[in-house]
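All chains should be built: construct the whole structure from the sequences, respecting the hints.
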Amino acid sequence: EKLRIHHVFERPISDHTLAEMIAIRSRLGEAADGDDLKRLPGGIRDIEFPVQILQIVHGRFHPALMNQTTLWNVSWLGSHGLLAEAKQVEADLIFLRRLEHRLQMGGDRQTHAFPTDPAERDRLAVLMGEADGAALAARLAEVRERTRTRADAILADPRRAVPDLPADVADVIRGWTRDR
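Counting from 2, one number per residue, gives the positions in the sequence shown under the numbering used here.
Read the hints as simulated data drawn from the structure, not as lab findings.
Think of the CB as a built atom: it goes at the ideal place given N, C-alpha and C, for glycine as much as any other residue.
Among the hints, erroneous ones may be present.
[Stated by the list, open to error] Quick list of the computed label-pair ranges, beta carbon to beta carbon: (1) R12 - G130: 43 to 51 Å; (2) T112 - E143: 19 to 27 Å; (3) A24 - P64: 26 to 34 Å; (4) A135 - G82: 35 to 43 Å; (5) R110 - D16: 38 to 46 Å.
Structure follows, in structure tokens:
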């Protein structure tokens, strides 16, 4: 634990580390199968990665952020003005995690793929409290769009999200997010 804290929080985030985190985020979708709730744009990782960037940047000044609970970090960042729309981020993360867990309950399997079969979507919709599979798919599309837009905004304007980032690095990151 001391080693994790030393390497992650006690030093400012380097330009290289930030660039690598963003590059990993872009590569995640390439490894995803089907309609992946976790790795495709707008999925769970599009909440976790920006939160982790903010956590790493601000954790050295705010030790409360040195924990590993994403939902708690979202709330803390929001209550301290470091993450806009934190309540919506919390709601979106809870929705995506609940959907992931309900999906995995069916067949007791480790999967993140939103089903294409209408009957399977209807079954999930009942578990999620939605009218039917089409309503669930529509809600998922809304959450994904909001999540991706938010993640892209944090990465497109890292000076806002990461105030101590040099301007030239911010320009490079803006270029990466435009090229996606």
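Results for each hint:
no., hint, in the structure
1, R12 - G130: 43 to 51 Å, "45 Å, holds"
2, T112 - E143: 19 to 27 Å, "22 Å, holds"
3, A24 - P64: 26 to 34 Å, "28 Å, holds"
4, A135 - G82: 35 to 43 Å, "38 Å, holds"
5, R110 - D16: 38 to 46 Å, "40 Å, holds"
In summary, the structure agrees with every hint in the numbered list given earlier.
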